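Spelled out from the first residue to the last, the chains are:
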Amino acid sequence: QQPVQSPQAVILREGEDAVINCSSSKALYSVHWYRQKHGEAPIFLMILLKGGEQKGHDKISASFNEKKQQSSLYLTASQLSYSGTYFCGTEIGWTGNQFYFGTGTSLTVIP
Amino acid sequence: NAGVTQTPKFQVLKTGQSMTLQCAQDMNHEYMSWYRQDPGMGLRLIHYSVGAGITDQGEVPNGYNVSRSTTEDFPLRLLSAAPSQTSVYFCASRRRQGAVGELFFGEGSRLTVL
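Chains as they are written, first to last, in the numbering used here: chain A, 243 to 353; chain B, 2 to 115.
This is chain A alone, in the form it adopts within the complex (with noise of 0.2 Å):
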């Protein structure tokens, strides 16, 4: 039920983009992205429902493909701030019942 991240970690420098994939063998309601910082909790970034509709947060996009099963995580122009673990989280069915989140990309960020 797990979906599926790549990659598994990435590291950048200032200024540079960064694309995490996010895949699920399962049709997806909706797609959730979150950034967890080290000893904290995971931090909501964005949603993207049923429709390929694409979304963004400052510097950060987010794309979803309900028939390909896919969401992708862009971030552009980097900053230090962006460091962290990324998980795609998927909703099955409209319930909303089971959350499942991703096994999280690492991304650090380098000046």
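No wet-lab data here; the hints were simulated from the structure.
Restraint-style ranges between C-beta atoms, simulated for each label pair:
{"#": "1", "chain 1": "B", "residue 1": "R111", "chain 2": "A", "residue 2": "K268", "range": "27 to 33 Å"}
{"#": "2", "chain 1": "B", "residue 1": "F11", "chain 2": "A", "residue 2": "A319", "range": "35 to 41 Å"}
{"#": "3", "chain 1": "A", "residue 1": "S248", "chain 2": "B", "residue 2": "D74", "range": "36 to 42 Å"}
{"#": "4", "chain 1": "B", "residue 1": "D27", "chain 2": "A", "residue 2": "E282", "range": "18 to 24 Å"}
{"#": "5", "chain 1": "B", "residue 1": "G102", "chain 2": "A", "residue 2": "S348", "range": "24 to 30 Å"}
{"#": "6", "chain 1": "A", "residue 1": "K268", "chain 2": "B", "residue 2": "P9", "range": "34 to 40 Å"}
{"#": "7", "chain 1": "B", "residue 1": "D74", "chain 2": "A", "residue 2": "A251", "range": "34 to 40 Å"}
{"#": "8", "chain 1": "A", "residue 1": "G257", "chain 2": "B", "residue 2": "D74", "range": "44 to 50 Å"}
{"#": "9", "chain 1": "A", "residue 1": "L291", "chain 2": "B", "residue 2": "T71", "range": "30 to 36 Å"}
{"#": "10", "chain 1": "B", "residue 1": "N29", "chain 2": "A", "residue 2": "I285", "range": "18 to 24 Å"}
Here the structure is a predicted model, which means the values were calculated and not measured. We put the beta carbon where it would ideally sit given N, CA and C, even for glycine.
With chain A held as given, fit chain B onto it using these hints.
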């Protein structure tokens, strides 16, 4: 605003001991859940609840019990702790079943079983 509160933040147990991780939220969220986080495994769903008196299993429920007697509280019980249950546990809540809403997380409880 308190949000989601978990206690204790740290706990060390011996194999076979029992304990309860507490979770309380003050946002009147109907949906509450417990996750465990292990290195390289992400967050795995243990149990969830869609309202008082209603609970169900997630993907890794073995060794854990839950109950939901009030909207605010969702405790997680370990009846006989095992070293494999060493992990960081997060409680999370959201507005209601089926709602397109974000999950709000507690700060986590780090459990070590010797």
